[in-house]
Each structure stands twice: as structure tokens, then as C-alpha cells.
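Enquirer: Take a look at the letters that make up each chain.
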Amino acid sequence: MKLINKLISRAAALVLAAGIAVSGTAFAADKDEEFTFPSGLSFNAFEKMVGLLTNAYGSEINSKLPPTSAAVFHGGEILYTNYEGYINMKEDLVNDENAVFEWGSISKTMIWVSIMQLWEQGKIDLDADIRTYLPDNFFRNLKYDDPITVTDLMNHQGGWCESTYRLFVRDAADIGSLEEELRKIEPAQTFRPGEVSSYSNWGAALAGFIVQRVSGMDFTDYVHRNILEPLGMEHTAVSADHSDNMWVKEQREKLRSYEMPLMLPIWEETGSELLYCPIYPAGSAVGTIGDLARYAQAFVNDGHPLFEKAETQEKLFSGSSFYGNSDIPCCSYGFWSSEYAVQVYGHDGGTNSGVANMLFDRDSKVGLVLLTTNSNYTYNPMLSLLPEYVFGNYTGKDLSSENEKPAGFSGEYVASRSTIKGIGSFFSFLGAVNTEKVEGYTDIGNDVYKYTYTDDYIDKVHILGRSRYSDGTEGIRAGAVEYMPVKMYVPKICLLTAFFLAGISAVFVLLAKCKLRKAQLISRYRGEFIITWGQLAKAVSLLVIAVLLVVAMSETGLSKTVGACAGIIQMISFVLCAAAAIAGIAFMIKRKPSKYGKLCYIFSIAGNVATASAIVVFEMYRFWGC
Amino acid sequence: MKRIIDLMRIDLMGFKGKKDKEVKFVFFFWIVFSIALVFAGPFVSFAVLIIAIVMCNLLLRNEEMKGYRKTFGVVPTDRKSVVIARFALLTLITTITGIIAFIIMTITNKTGVYDTVWTDGAYADTNKLVNAAITPFVDRSASRIVFGIVYMISLIIMSSMLRKYYKKGYKQKKNAALKGVLKLVGGYFGFGILAAVVVFTPLKKIVFPVIAMLFTVIKSLARPFDGMLAMLLFIVVGYGFVVYRTVCAVVDYEKREL
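Residue numbers (the working numbering), protein chains in the order written: chain C, 8 to 633; chain F, 55 to 312.
Calculated from the structure, these hints are not laboratory results. Hints are supplied without guarantee of correctness; some may be wrong.
Here chain C is said to cover these stretches of chain F; the calculated rule only asks that three of the stretch's residues, wherever they fall, bring their Cβ under 8 angstroms from a Cβ of chain C [unchecked claim]: (1) 57-63; (2) 148-155; (3) 258-265; (4) 280-287.
As the structure is a computational prediction, the values presented were derived from the model and not from experiment. The beta carbon of each residue, even a glycine, is placed where N, CA and C say it ideally should be.
Bound-form chain F, shown alone (with noise of 0.2 angstroms):
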């Protein structure tokens, strides 16, 4: 345990580089984001995942470029828990970064400092539009199952990020930035066309019930408690594949010839 800990303050000290302006970027980032709090409280949750994905991207370049995997050289330690050290620390920023997004939604939401401001001010009268677009965002049962997804996407890439590494390594490719837009856009056309599939074939009839039975459920889960229960059901999916990745990440690590 105290290797693991030994590792992780080792990570700590690599994000503290004086030259590393990522983590200035984090914190304006978070500067930017509790001012847009103000005018829509559960859209912290995504700086969550902003800070899931960054994070984890900082501490592998720190590794890959910086040439903090000769630390490990010196420290005694094995692979397992390297691998272990990365993924608690990273999980623990995500969930700090959560509870403090969880306050900050929590008291924006008593308060109801943007239900002053989208629904009962002036602005809401004069632009319906938007008002209808952020009402979901408004209520509290909404805004905290909207908080648990964003929350376990965050859990699920910064694990499947890290898996990744320790399977295949952290390669600089070419052109990484267009090829990620490929991706996206290539991701979008292809839920366009599965859905299209789904639609218009006998699919639907296994699909739509499918697809109605997970809304009957996180419906009935999101009605006590202001959507608690849903949003604790979708946080432990999150840490479930964390476990998991996890496990699979040391497996992986410990086959890998470096």
C-alpha cells in the first residue's frame, strides 16, 4: 500500500512541472466553468469528464516525454503496482473533482441561483427557445442523472484511456488531430446508420423494448430522493469499470515485453 502511495506521489510531483501548462489550463478551465455555473448548474459535471480525459493525458505524456519511467528505475516497485498507483490516482482526481462538482451542483440548485436566471428572469421571457432547451436541466431529478452519466463516461475513458496505454503503449501518431475528427465524425455517421438499421428492420422489436425497459427503470430510480438512486446507479457502473480495467489493465502490463 505504501508503494502504491510512494507511486502516486511521484505522479503528483510530475504535474507539478513548472513548465507544464496544462495544469494552468485545468484551472482556468475550472474558473471558466464556475462562472458558466451561474447559468446552468449540472453542466459541471462536464468538467469532470474535461478533466478526466486531461488529466490521464498528462500524467501518460509526463511518462512517455519527460522521462518520468526512469523514476520507476530507481524507485523499487513492480508493474502491478505502477499500474494500480496510476489508475487510484486518477480515479481519486475524478472523484474529488465529482464531490466538488456534486457541492457546487447541490448549492446552485438550492440556491436556484439559474432558476432565477433562466426560468424567472426576463431572459426566459424573451428567449422561450432556450428556456425550453435548459428545463431539463433545471430540475433536480434531471440535472443529477445527467451529473451520474457524464460522471460515468468520465470513469469509463479515463480507464479505457489508461488500459490502453499500459496494453499498446502511448504512441505519437501522425496527423492525430484529424484523424481523431475522422473518428468522430465517422463515430456519428455510424450511429446514424445503426439506428437507421434499427429502425427499419424486425431489430426494433428486441431493440425498443430493450431501450424502454432501461427508461421505465431510471425513471422509477430517478423519482425519490430528486434522482439520487439513478445517479448512484450510473456512479457505480462508472467505478465498475474502473475495477475492471483495471484488473485488465495489470494483466496486460504484466504480458507486455517494454
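So here's chain C without its partners, still in its complex pose (with noise of 0.2 angstroms):
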């Protein structure tokens, strides 16, 4: 099946290759009757595509499928709606205009709107610390003194790295006030403030704070009143337990969400999937899909309903982060520079239940917005193929000069949104990239890279930019996120193998000596009750680092409770190993053992010193600040 969906992926892809390509001549031909898509398909061959699609994909899998909505508007005018799946199977709920859905981080968006309306009245200066607008000691984890603007946290670049901890709880009456919400999941500052981009939800949800503290309204009631009912949203509900519409309250517990085990031709239901975001700015938004269509539509509209002067407007999209030293815009005031054949801006979002997607090129006024609850892209083609056929795929040529030369990255690389410090840091080292064997990318200079690949027989390329720290190192910047080098990386991965070595070695350690103690054929020795405790040490930090991994993988991620829980362990097992390893280098000195204890005495202190050691290096221990 999956083959099956890839061919008609790529029968689609080619088909949008070919209307490109002759979207010259032979679309051109009836140009004047039909409304042509930046990408250069008619109307026509857009909606005849989509058909292709979404009925070959829906009669191959032969049953019902989990609800995708999705709109294509001109201007005011909406050209396309599609309305796939169903939000319930089981009641048979189709999918309508009634259905709503989760917006994720496209709620965002409505933080930076708010920002500039308030910018525009000059209740907030863009580049001013943030602390100005903030209570007194409100930051617990600044590493730097350098100020953090406005337009810093609109980049992502206020310098904090992941959480460690959950964003979202699944009982919404464990939710306090959004200043409470975020004092409890203060990131460290891991990034001087204005150099790394680094995708911080925990930043965005603190410029709603701020949007909170400079109007002096809630959140909730400021979106409403400046965003919501200018634009007749009556639809979409953005508080954290979406309380402020019980409408689509309502509605959004009627969805349910689906996914294929196994990737089995079967669609099986995982519930509604309703998780809550205390730090609600970040992405806390429901809304319906002709909501989200009339939200995006303000942007492309040059009576600037959002704003009170148009200048706001071409500020918002005037763009604030560039790539390298060029002038290609990565991020314009917290929307998102796509790559598609025009210039295309936006914002994405991916909750528990699936994901969203808002996309509009201000040139042509054309935009799509997208929801779903399939948010698999194998078996929801929709997601990666509607963006092309709107606005067609990006082939880079704007950017070849003749000076281009391979890229020649070196070395291991970690993403700036990953939990770099505390108890989930060795999250982020497991995740470093190599980029040694990575191919297809170009440095065409300006500290501009060019990354081309080929999909479904379609040449695509993506933009990267090179970007120089202050600390003299250089690293990647892919969109919202940067590869930053990882320093002392082999002895760092050496350290965290030793740290797995003597773990599982203290565990068939323990149970030998478990069994010999039933069979009494063990005599006591000196110092066994001090190495026993220690490899007792080794086996549970490493249980508690599996089991971290674990929880963290899971759905709803690391709660404080297991956080400190862990943390605490650990500071026990630091304690333990490094007395083991002391005593075990006292006794070999003073029993002087044979040849055999010796060797014994010896793999003991080295696995008591790896295991202290990564629980240092690693910082398994610091469960606050991260």
C-alpha cells in the first residue's frame, strides 16, 4: 500500500512537473478565463490534480479515512475547499465546515500581531529589553546580561533552548495563570541573546505575557478583541482550555484522532487526543478551517484589517532574520519564509492531535490553509503536495553564481532546539548530526549555503544560511532552528558508552552475586558493602536515564515530579559511585589482592568513575533551570 501511495504521489509530482513546465503555453492559453496559481497551474488543473489525488489515495486504502480540511483563497475570495475524512468514524461524523481543529503553533502568529498592533500605537518598542515590560526578577536562568528584545524573541533568538519538561497537561484545571505557568518551565539560557536562532515556544508564550502586561487585558481577551472580532472569527477559541468559545469547546471534543499502527492498511482511533498548553500563546488555538482561511486572508489584504496603517502590515512582512549576510528573509517578525517558486510566508503547527498549516505569497494574494488530524505524510499526500500545487517548487535557480562550492561541513552538529542544559541533555547529544556524509549542499556565498535534492523526480532545493558565533565557532541555520558544533564530541560519546558499559555490566554483577549470596558460596570481603551499593548505583542511573528517555518520548513528555525524581536519584548514585570508587582504590592499596582481585578492584573503580563522571558531564543531576 505504502508503494502504491508512493506511486500516486509521484504520478501527482509528475503531472505538476509537466503543468509547470508547460504553464507557459498551454495554461497561458486560457490565462484570461481561468485563474492561474503562482505555480503556474489553472484552476482547473489545480482542482483536477487534487481530485487525482485524494480519490485514488481514498478508493486505494478502501475505507474511511481521518479528516483533512483544506482552503484555497484569492484576496477575499476563497477559490477551493476541501472537506476529507471524518472527525468521528465510528458515530459517523463527517467532515464539514463545522469541524475544528487544533492551529498548534500557528497560534503564535497571533502573539506577533499583537505585538505589532501594540508596536503601532507605541505601547512596545521593538528593540527594547524585555525586561522593561516584565515584573521585577522575573528571568531565574539568564546566563547573559546582554538585553533580549522584542524582536529577539519574535526571531527565536532570545537564547533559550528546549524545555525539559511537558507543554502540554491532560486536565485543564491543572492550569495556573500564564505568569505562573511560565516561571514553573523557565529553560535555561543556553544562547547569548540576537545570535542563535532556536524555536522557543517558552518565548513565544513570554511575548504573550508581555502583549498581556503593556495592554492591560488577558491574553485571551486582548486576541479577541483585536483579532478575533475585527476579522468575524467567530469559530476558533485560543485560551488554554478553550473555554472562551464553548462552541468550539464542543466541537473539538467531538474529533478524534487516528493513526496506523504499524503502518497497517487499518486506521485505529487514539481518542480525542485533547491535551492543554498552560503556556497557551504558544499553541493553544482551535479553530474551524474557514476561520484560519479569514485569519490568513488579512494578510494578503491591502485594507490591513488587522493593523491601522498599511506601513504596519509591510513591516510585519519586511523581514527581521536573514540567512548569512544576504538579504533572503528566514523569518519576518515571527512568520516564516517558505521556499516555493514566489515568495511565500507563514507559519506551521503540530500538536498531539496533527497538524496545521498557513501559507500566503502577498505578491499573487493567493494563500492555502490546511488541518488535519493525519499527520502522516506517507499516507496523507495532501500535507507536502497542495503547498507545491499553489506555489509551485522552488528550484534555487535565483541563486547559482558561479562561485559555488561544496558546502564542506565537518564534525558533529546539535540543534539549538534541544534540550541542551539539565537532566535531558544527553536527549540532545544522542541527537547530534553528522555532517561529514551529508551531500547535495553548496556554499554560493553571503554565507548562503544551498541544499538540492531530489523528490519524486522533482528537483527541489532549500536555503540555509552559515551562521558565526561569538565564541569563533560557525554553525548551520536551517529555518527556525541552527546546527551548532558539539565540543569534545568523542570523548563525550566514549564517556556516555563507558556510562551504558558499566551499567549493564553492574547489573549481571549484581545478579551473580545475588545468586551465589542464595547459594551462600560467596564469602564477605572488605569493602563489599560500599562497591555492591555502588554497582547497585551504576545499574539504576542507568535505568533512570532509560526510563527518562522513555517518558520523554512518550505523549505528554517529562513532568517536574519524575524530573526531580530523577534528578535526585542520580545526585544519590553520584554520591554512591564516587565512594565505591574511592573505597575500592583504598582496599587495592591496602589488601594488596591477587592478580584476579586486582583486575576486579580495577573494572569496579573505572565503572564507578565513568558513571560519576557522565552524571557531571551530562548534568543527570540538574533537574531545575531546563
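Take the two lone chains, each set in its own frame, and fit them into one complex as the hints suggest.
Expert: In C-alpha cells:
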């Protein structure tokens, strides 16, 4: 089935390629009669291709589908809508214009719009230090004294790494005020403000809190009064528990999510997947596709319905962060630039329930919004192909230059958007990327890289930038995230391996000791007590790390309580390992054991030292401020 | 220590029995595998598995059927030494086989013999399916991980067989081959049922993150030094099992009435 899907996608992609290729001829013939998308496709061709894609996909899978809603607009006119699948297969609830979906991080764009509105009113200075707008001593984990500007927040350059702790909770009753929730999970500041792009939900929610402080209104009320009401968005909720719009709340509760276990062609219901975001400005919005389209249409509307002055809207899309030293925008005051045949801005979103996308071309005034609970790109080709049908594929021809040379990356890199500090720092270390084997990257000058690859027989291009840091190192910027070189990668990975080996060996030694003790075949020796505790500590330390990884990979993420327990256990493990190592050295010197005994002592000491060192180096004990 | 070495020598002498076709089989098997190496180097790791199983069986059959148990009636020893000597000998044989296999694998990796045969040669163009199947083995990291896993399994099986012998003795069962096949088939379907239970029940919410965690760790350790660290991890697990099974076998054999 996967193969058939792939073939359908490829066939559609080939048609798209052909469509683009002939757009200047065949499609141009009836240009006056029908609308032509920025991709070069005529409306009829677009409709046929989407139809081919959805019909073939639907009949091939031969079952009900999870819901996908999409709308394409041109200025104030909705050109195309598609409501596919069921919001609840068991109860035969068909997806329609009343279905609501989670918008995920598209919610953040409401923060950025609010900031620009307040800037327009002269209430916020985009270049001012955000501490001006926050309560005294708000931050507890700042590493740098440098000011963090409002623009830094909008560019995700406040310097915060990803929070170790979960962003969503199951019970809405657990949610406190925005200020309390922000204080609860303040991540560590690991980068100098303004220097590294590191997509931060916390930083965005903090900007929402600034809106609240400056406007004197609750963020939910502010958004309702200044964004939803002016645009007539009556089917959208933005508060953490969606209680600001009871119709939306009820509709959301009807929505069910589905998954394909092990890619078998059966959709299995996973429930409502309803989780709540305590730092809600960052990702709590829920609404219909119609409302999302209405919201996106505002950004291509020359009447600038969200702002008093046209200049404010122009500034919002004038670019605030660029790739390398070029004028190619990466981010424009919180809106991301995407590579298509035309300059497209927007934002996407993802939650436990599904994914969302909002893209628009301000020149042609064409836009696309898409909401779905089927986030599987293999089984929902709409996700990747629909934007290409509308905006066209980016070929990167404008970037070609004579001075192009291979990018020449080397070494291991870690994503800036990862848990770089604290108890989860080894997660990010395990996710380090080796750049030596990557292919298709060329340096085109001005600190800009071009990544060329072929997908479904079409050559595609992505833009990346070179980032230069104050410590003299260089990173690779890929949209909202930068890849930064890992210092001392080889010694660290060796230490981590030694930690794993020590833990595994300790388990076997403890099992053997238990067996011998039960059979009364083991004689006591000096230092046995502390050495056995050291072995237990090594095994427990490894177990804690394994549990942390499993919990972090589960749907709700790591809670503060689990983190604190893990940190305390690691502290105790460190003390026991250090004590066992010292005792081992002392007994080895004093007792002058046999060759075999000496070997056992050496292994024990090495294991204890490796475990204690790994706990310190990877901050496995640090459950606070991360 | 000397006693253990002496016991190991006696067992080695047992392997040299003129009528033992198994030893000849082992050497023949090695030659076949060495030829097979030209086509797929990492498959040599399966030779370690076969050697470990065959040698273990050979040793136990020698003891039970060819009177080698009587030898221990005249050589002054104790049960503990007998068990340790057997485990040490078979671990040594498996280790030596493993080292040789690893060296051969490294040489073929370096020379790229099977790279040429499978990915660059004309054969690769005419049989893309086989090429796709073989690609993970051509990759050095993947081949070392395969080696590490097979080596670990070899040590686990070998030590489990020995432990079972010292706990329950060697029993020549009727229709042993048929029972073995039935066990395999049962295991296959049992695994299928277990997998289905995991996939279609809420159990997957625990099992899948655990699998993802293991995959993440192995993938991370596989990256540096072309998979050496991940391979080392598997090998240590294998030797950990050997140590634990040895202790268990000593305890069980001491308790057992002969």
C-alpha cells in the first residue's frame, strides 16, 4: 500500500512538473478565462490534480479516512475548499465546515500580530529590553546580561534552549495563570541573545505575557477584541482550555484522532488526544478551516484589517532575520519564509492531535490553509503536495552563481532547539548530526548554502545560512533552528558508552552476586558493602536514564515530579559511585589482592568513575532550570 | 588456575578424536563461509554463531557419549573447576572465532570486495532488489552492529546451553529434530501473536517508546567510529550473560545429585 501511495504521489508530482513546464504555453492559452496559481497551474488543472490525488488515495485505502480540511484563497475570495474524511469514524461524523482542529503553533502568529498592533500604538518598542515590560526579577535562569529585545523574541533568538519539561497537560484544572506557568518551566538560557535562532515555545509565550502586561488585558481577551472580532472569526478559541468559545470547545471534543499501527492499512482511533497547553499563547488556538482562512486572508488584504496603518503590515513582512549576510529572509517578525516558486510567508503547527499549515504569497494574494489529524506524510500526500500545487516548486535558479563550491561541513552538530542544559541534555547529545556524510549542500557565497535534492523526480532546493558565533565557531541555520558544533564529541560519546557499559555490567554482577549469596557460596570481603552499593548505583543510574528517555518520548513528555525524582536519584548515585571508587582504590592499595582480585577492583573503580563522570558531564542531576 | 587449564586441555583433546566428523564439518563450514565472504562480509558473524553452537554440542556429546566424564574421575578436580573450565574453553573458542571473523570483516570492508561485487558491479544494476537488501550490510556501521548482535546472541546461546546441561544434564530426546522444528514454528507464531497483542492494545504506549529509546541509543552509539561503540555494547551484554550463566551453572551443578 505504501508503494501504491508513493506511486500516486509520484504520478501527481510528475503531472505537477509537467504542469509547471507547460504553464507558459498550454495554461497561458486560457489565462484570461480562468485563474492561474503562482505554481503556473490553472484552476481546472489544480482541481483535477487534487481530485486525482484524493480520489485515488481514498479508494486505494478502501476505508474511512481521518479528516483533512483545506482551503485556497485569492484575496478575499475562497477559490477552493476540501473537506475530507471523518471527524469520528465510529459515529459516522463527516468532516465539514463546522469541524474544528487544533492550530498548534499557528497560534503564535496571533502573539506577533498583537505585538505589532501595540508597536503601532507606540506601547511597545521592538528594540527595547523585554525586562522593561516584565515584573522585577522575572528570570531565574539567565546566563547573559545582554538585553533581550522584543524582536529577538519574534525571531526566536532570546537564547533559550528547549524546555526539558512537558508543554501540554491532560487536565485543564492543573493550569495556573500564564505568569505562573511561564515561571514553572523557564528553560535555561544557553545562547547569547540575538545570536542563535532556537525555536522557543516558551519565548513566544513570554511575548504573549508581554502583550498581556502592556495592554492591561488578559491575552485571550486581547486576541478576541483585536484579532478575532475585527475579522469576524466566530469559530475560534484561544484560551488554554478553549472555554472562551463554548461552541468550539464542544466541537473539539467531537474530534477523534487516528493512527496506523505499524503502517497497517487500518485506522485505529486514539481518542480525542485532547491536551491543554498551560503556556497557551504558544499553541492553544482551535478553530474551523473557514476561520483560519479568514485570518490568513487578512495578511494579503491591502485594507490591512488588523492594523491601523498599511506600513505596519508592510513592516510585519519586511523580514527581521536573514540567511547569512544575504537579503534572503528567514523570519519576518515571527512569520517564517518558505521556499516555493514565489516568496511565501506563513506558519505551521503541530500538536498531539494533528498538524496545521498557513501559507500565503503577498504579491499574488494567494494563500492556502490546511488542518488535519492525519499527520502522516506518507498517507496524507495533501500535506506536502498541496502547497506545491498552489505555490510551485522552488528551483533555486536565482541562487546559482559561478562561485558555488561544496559546503564542506565537518564534525558533529546539535540542534539549537533541543534540551541542551540539565537533566535532558544527553537527549540532545544523542541526537547529534554528523555532517561529513551529507551531500547536496553548496556554498553560494554571502554565508548562504543551497541544499539540492530530488524528491519524486523533481529537483528541490532549500536555503540554509552560515551562522558565526561570538566564541569563533560556526553553525548552520535551517529556518527556525540552527545546528551548532558539538565540542569534544568523541570523548563525550566514549564517556556515555562507558556509562552504558558500566550500568549493564553492574546488572550482571549484581545478579551473579544474588545467586551466589542465595547458595551461600560467596565469602564476605572488606569494602563489599560500599562496592555493592556502587554497583547498584550504576545500574539504577542507567535505569533512570532509560526511563527518562522513554517518558520523554511518550506523548505527554516529562513532568517536573519525574524530573525531580530522577535528578535526586542521580545525585545519590553520584555519591555512591564516588564513595565506591574511593573505597575500591583504598582497598586495592591496602589489601594487595591477587591478580584476579586486582582486576575486579580495577573494573569496579573504572565503572564507578565513568558513571560519576557521566552524571556530572551530562548534568543528569540537574532537574532545575532546564 | 592450573587445574582449569588442564581440564580445558582434556576437552581440547576430546575434540581431536579421529572419528569426530563434526570437527571436519566445522572446518568445511569455515571454508564455505570464507568463500561467502567475498559476496557479503558481515555474514561472517553468523559463522561465530554456528561455531559456538556446534562446539558446545560437540563438547557435551563427547562428555556424555564417549566416556569423557570418566576422565574427571581420575583427574583430581571439583565441580566448580569443571564448570568454569567448560565455560572458559567455549568462551575462548567463540572469542577467537569472533576475532578472526571481525578481522576478515574489517579486511573485506577496507578492500571493499563486496562493495564492488554488490554495489558497483554489473550485478548491482541487474538485481536492484538484492542490492537494496544487501545495502545495510555494506554500510560499515550497520555491518558492525549486525556483527555485535550476532556475537552477543552466540554467547547467550552458548552459555544457556551449558547452563542447561549443568542444571538438567544431557538428555537424548526422541524426535528431537521434530521437536526442535515445532519449537521454532511455535516461537515464530508466538512472536507474531505477541507482536499483534502489543500493536493492537494500549501496551504499545509503553512498548513503542521503549523500542524508540533503544533505537535512539543504538543509532547514536553507531555513528562514531563506524559502529564500534554500539558493537562493543552488544558484546559486553553477551559476556555479561556468560559471567552470569557461569555463576548459575556453578551453583546448579554443586546442588545437583549425579
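Enquirer: Taking the hints in turn, state whether each one holds.
Expert: Now for the hints, and whether the structure bears them out:
{"no.": "1", "hint": "57-63", "in the structure": "violated (count 0)"}
{"no.": "2", "hint": "148-155", "in the structure": "violated (count 0)"}
{"no.": "3", "hint": "258-265", "in the structure": "holds (count 5)"}
{"no.": "4", "hint": "280-287", "in the structure": "holds (count 3)"}
Hint violations for this structure: numbers 1, 2, all remaining hints satisfied.
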